[in-house]
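Chemist: Given next are the chains, with one letter for each unit.
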Amino acid sequence: MKSPSWKSLIGGSGALFVVVGAFLAGRVHAGTDPAVGKAQTQTQTQTPQVQQQQDDQGFDDGGGSAGQLDQNPPTTQAS
Amino acid sequence: MSAVDWRFPSMGGEARVQLESDVVEQAQLELAAEDVRVRIDAIEASLSRFRPGSELSAYNRDPSLPRSPVMRAFVRAARVAAVSSGGLVDATLVEAIERVEGGEPAGLDEALAAAPPRAPAHPRRHEHRQLDSGGIAKGMAADIAAAELPAGVSYAISCSGDVAVGGRRWQVAVASARSGAEVHRIGIHTGGVATSAIHGHLWRRHDGSYAHHLLDPSTGEPAWTGIVAATAVGRTALEAEVLAKTALLSGPERAKRVLIRRGGVLQHDSGTVEIVPALMATRARVAA
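Taken in sequence, the protein lines are chains U and R.
Going by our numbering, the final residue of the first sequence carries number 79, and the count climbs one at a time with no gaps.
Going by our numbering, the final residue of the second sequence carries number 1288, and the count climbs one at a time with no gaps.
Note that these hints are calculated values from the structure, not bench results.
In this text the structure is predicted, and so the values were computed from the model without any measurement.
We treat Cβ as the ideally placed atom computed from N, Cα and C, and that holds for glycine.
Mixed in with the good hints there might be a few duds.
Said to hold, decoys possible - Covered by chain U, according to a simulated footprint, are these stretches of chain R (three or more residues, beta-carbon under 8 Å):
1. 1005 to 1019
2. 1164 to 1173
3. 1188 to 1198
Said to hold, decoys possible - A few chain R residues facing chain U, derived, Cβ under 7 Å:
4. Ser1158
5. Gly1161
6. Thr1231
Whenever a hint applies, use it, and build me the whole structure from the sequences.
Modeler: Written out as structure tokens, the structure is:
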């Protein structure tokens, strides 16, 4: 059996690179970052409701310990 | 522990000053809160478009007049906001906003039902000379007031919803664009959180059309992008304000990319609340 030439090997690798790159670019364009993964984006489709997480899941950084849920937290709203 | 939680009218909304300390006595903490109030009031007096005697109004009449440090900081912030948002956060839309605002207060759902097809906003080619302080002044005021607090004080300073926090880990509640109820909490140690939303100033105009105050710079008309509120986390309240407005004006396709670095929340026309987790934690100091 004839082994593939170096030209076809390089050509095949290049074609695969282009196909994979185009796929990933398409996902980024669609708003899904492949490096982030699907689990990173949570979407609530129900009517907005209060989230009462006691751990870090509902928060947006990992700074410090989660602590108790503030009873009267500062609020960001329309400005 | 000493603690202060004050609220007072400011910048067309409400300011809230929350201070806590294990090392500063209660009386001193209240003095610090009073300093914050005075600082915020001074910035509002200087940068209000609605006060003919404000420095901003004087600047809009004659930009060659000498500027105070606050005015210089605002002009610089407006330029940075325009550049960092690709022209979407445009503080020079004074004539357009004066043309748009006014009419009967309107509800969000009725306005969305009558609004034109959704489309992202675009920058315009030529900036005008006059400036509108808008949300930039709110974020800036929260940051400046926070930077002048004494050491050993934890703080959450909100100017009409633009919040600067520091000193400990805070949970900042995000309010629903429809009901005002809490839809999410953002955990942040030091930095800023801000929301840009269309429902805060929403009108039914005399011709029956609906308008709000977040304009598409390319048309000078209200931007109906498919997002009714965007909340952003930033290193400062000012940065958060610019990111939030950029996300809203960018529309759903691009908004997540605008917010992904430090996280945020998107509220869509449909009522969907989309949480965008941060890729990196916000730990930078508001002011070194």
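Chemist: Each hint needs a verdict: does it hold in this structure or not?
Modeler: Right, here's what the structure says about each hint:
1. 1005 to 1019: Satisfied; 4 residues make the cut.
2. 1164 to 1173: holds (count 7)
3. 1188 to 1198: holds (count 9)
4. Ser1158: With a minimum Cβ separation of about 5 Å from chain U (threshold 7 Å), the hint on R/Ser1158 holds.
5. Gly1161: 4 Å, holds
6. Thr1231: 6 Å, holds
Violated hints for the displayed structure: none, as all numbered hints are satisfied.
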